[in-house]
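Input sequences plus hints: build the corresponding full structure.
As they're listed, the protein sequences go chains A and B. For the first sequence, our numbering assigns the number 1 to the initial residue and increments by one for each residue that follows. For the second sequence, our numbering assigns the number 1 to the initial residue and increments by one for each residue that follows.
Be aware that one or more of the hints could be misleading.
[Said to hold, decoys possible] Think about it this way: if two alpha-carbon atoms lie no more than 27 Å apart in a straight line, the pair counts; the simulated DSS-like pairs of lysine-lysine are:
1. K57/A <-> K1/B
2. K68/B <-> K13/A
3. K1/B <-> K13/A
4. K57/A <-> K42/B
5. K1/B <-> K68/B
What the hints contain is simulated information worked out from the structure, not anything from laboratory work.
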Amino acid sequence: KAGVTQTPRYLIKTRGQQVTLSCSPISGHRSVSWYQQTPGQGLQFLFEYFSETQRNKGNFPGRFSGRQFSNSRSEMNVSTLELGDSALYLCASSRAGAAYEQYFGPGTRLTVT
Amino acid sequence: KQEVTQIPAALSVPEGENLVLNCSFTDSAIYNLQWFRQDPGKGLTSLLLIQSSQREQTSGRLNASLDKSSGRSTLYIAASQPGDSATYLCAVKGDQTGANNLFFGTGTRLTVIP
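What follows is the structure in structure tokens.
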């Protein structure tokens, strides 16, 4: 069974631009969560999507948004990029239900210059 | 707000040694706890998942325990190998309905010396 895939793996953007990251969950998984990982703040929860609806949201500004498609694939968008948005963005998928473990993708390394 | 702490931040051991990594959390109202490993620049690999009703889980040389009431979990690695070198992260999931997000610790960076 294929794991969680994320594209692109690496991105370099300039301040003020916007970026879209993509995540394809494991087949059959309907929940997709996004996390930001930085050396200073560690891993922080961005948001979770389930059945095309945002179910939960972390404490990030509105520049960070996401969506989920009917095939459970998800995208996250960051507008008006800032230097502090440079991070590893990880997505995780799980089966429906809180009891199930989460499986992470390899991440997208975003560098903002 | 849930806070997760991992001690030590870094650990260096000779190959073959048994070791214990510690994780503590402030809010005992958790649904489950998951241990991950992360290699440099890579994603997270799930190692073990312990439900809140369980006391421990084992997988090969790994054993994780959970004491929910005291807010603690330990990951025991037996007979460590150089390939175990990585950062180990614990994460807890709260028990609120509809909340599937994980709260992560800052990790323990393990180096196993051949």
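Taking the hints in turn, this is what the structure says about them:
Restraint check for K57/A and K1/B: the C-alpha separation of about 14 Å stays at or below 27 Å, so the hint holds. For the proposed pair K68/B and K13/A, the alpha carbon gap of about 43 Å is over 27 Å, so the pair is violated. Using a Cα cut-off of 27 Å, the hinted pair K1/B and K13/A is violated, with the two alpha carbons roughly 33 Å apart. Proximity of K57/A to K42/B is assessed by CA-CA distance (about 24 Å); at most 27 Å being required, the pair is judged to hold.
Distance hint between K1/B and K68/B is fulfilled; the C-alpha atoms sit about 16 Å from each other, no more than 27 Å.
When each numbered hint is compared with the structure, violations occur for hints 2, 3.
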